[in-house]
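> This is what each chain is made of:
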Amino acid sequence: MALVPKGGRLITSTTEAKAKGEALLESIGDGVIATDQKGRVVVINKAAENLLGFTSAEIIGKFLVRAISMQDAQGNQISDKLSPITLALTTGKIITTTSGPNYYLVRKDGTKFPVAVTVAPVLLNSKAAGVTVVFRDIAKEQELDRAKIDFVSTASHQLRTPVSIINWYVEMLLGGDVGSLASEQKKYLEEIYKNSKRMGDLIDALLIVSRLELGTVAIEPKAADLEAIAKSAWADFEVWVKHKKLSIKHRREGGPLTLAVDPHLMRIVFQNLFSNAIKYSPDGGVIECSIERRESDILIAVKDHGVGIPEKDQPKIFTKFFRADNARIKEPEGTGLGLYIMKSILGQAGGRVWFKSAEGKGTTFYVALSLSGMTRHEGPQGLEPPAGV
Amino acid sequence: MKIVIVEDESALVRVLVEKFNKVGFDVAYATNGEDAIRVVKTTDPDIILLDLILPRKDGFAVLEELKRDGALKTIPVIVLSNLGEDENLKRALRLGAVDYLVKTQHPINEVVEKVQNQLFSKSR
Chain L
1 MALVPKGGRL ITSTTEAKAK GEALLESIGD GVIATDQKGR VVVINKAAEN LLGFTSAEII
61 GKFLVRAISM QDAQGNQISD KLSPITLALT TGKIITTTSG PNYYLVRKDG TKFPVAVTVA
121 PVLLNSKAAG VTVVFRDIAK EQELDRAKID FVSTASHQLR TPVSIINWYV EMLLGGDVGS
181 LASEQKKYLE EIYKNSKRMG DLIDALLIVS RLELGTVAIE PKAADLEAIA KSAWADFEVW
241 VKHKKLSIKH RREGGPLTLA VDPHLMRIVF QNLFSNAIKY SPDGGVIECS IERRESDILI
301 AVKDHGVGIP EKDQPKIFTK FFRADNARIK EPEGTGLGLY IMKSILGQAG GRVWFKSAEG
361 KGTTFYVALS LSGMTRHEGP QGLEPPAGV
Chain P
1 MKIVIVEDES ALVRVLVEKF NKVGFDVAYA TNGEDAIRVV KTTDPDIILL DLILPRKDGF
61 AVLEELKRDG ALKTIPVIVL SNLGEDENLK RALRLGAVDY LVKTQHPINE VVEKVQNQLF
121 SKSR
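In order, the protein sequence lines correspond to chains L and P. Per my numbering, the very first residue in the first sequence carries number 1; after that it's consecutive. Per my numbering, the very first residue in the second sequence carries number 1; after that it's consecutive.
For the record, the hints were derived by calculation from the structure and aren't laboratory data. Check the hints yourself; a few may be wrong.
Unchecked claim - Below, simulated SDA-like cross-link-like pairs (lysine to any residue); rule was C-alpha separation at most 20 Å, straight line: (1) L:K38 x L:K93; (2) P:K22 x L:V170; (3) P:K19 x L:V178.
Can you build the whole structure from these sequences, using the hints too?
As structure tokens, then:
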């Protein structure tokens, strides 16, 4: 804070600056602790005192890793060596625990709470002269996330119950188990069945979308043969493909097509690419599937010669529930969620998806995954295999 | 062949009983978790279809109890539920269920098929 008397020199009031700094620190809602380059506490704010139950007098001057205990979800103590404070001091890098497994801090009274922590080195001449630790209690956030997950799970279960009742009763009727049917009656029942299935598909898709948006989908990469996954996904559509008299041309290039991917999610990606190609292809058409190992990635391309995506609709194609007019005409029952789901999965897994299309000529969808494979993501849940997305 | 169906939705019980009767099974059923154990004990079935969301005692608790009981633990249990989450499937299989079917994903004929396959493979 500078005071400039008329015609005089600049006078900086260090007391005022210090007071301002302290007021700032005390007003921060998150816990803030700063250490020297040995890791001894030099500053601790009110929020940190309140969260931890210690007074500043009990903490100042002590080694932070000894004064405050940090544990993992299983209750194991995080060792000094592996503590984010030590890591930040030795590597000079910002260490954050806001993603990944949970960490807990132990209060003075022995109780513990889950935290999001960021430890940043204070750099002087590119060496760590200390660290600042900023942390907050995330117990409420976790509770809220858990409540959202439970709600989605319960809602989808509740919605599925009447759908399964309708399905099985109509199957019994159509199967002749409760008397014979006139052909008009059969037609009406078939329409009911089709739409009940459609509702079921929509529920499944919404469930997947919710989980993706909550970030609760686990991605567990392991070495997998992409060709095998593609073939197996294609086999799922056997009946449909036969009915439309479609054929597929495979192209493989560039070397071994094994990649560290979550096989389940990769299958969903292929299922999505194929189901779109099949849906919008004319009867008797050909679909091409190429998988190519390139310099830094693997490129998958699925090409159809179907209705294509009109230019005006192309920007919206990956948005939720969007279906182009020509798509609606060709295949009125899609959920409009398949591409959103695929893009979301690939986005979280570190892949990319895009397309080239011309109305009336056909569409090619491209998926690229880096050679290091999908990004691992911890999560309480995998994704259920969708019956028909 | 005897089957016990544990399911709280009466409409589903009705259609499952009708279907399994038609293919030649003797069917007994329970509509809550507590009755489930009692009905299994008195029926001594060859196979059990078990829902997970049940009043009084949920399907997982029933499954645990069945597998703890010396006389009952050898009866194969197929979970028939609309809970789709992976964690439920894994838990059910870990507790000893031989299969896990999501109701909306299987036509009723397929449910019968899976039951019959399970019994056929068991008898070999």
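> Please go over all the hints and tell whether each is borne out by the structure.
Evaluation of the provided hints:
no. : hint           : result
1   : L:K38 x L:K93  : 16 Å, holds
2   : P:K22 x L:V170 : 16 Å, holds
3   : P:K19 x L:V178 : 10 Å, holds
When the structure is compared with the earlier hints, no violation turns up for any of them.
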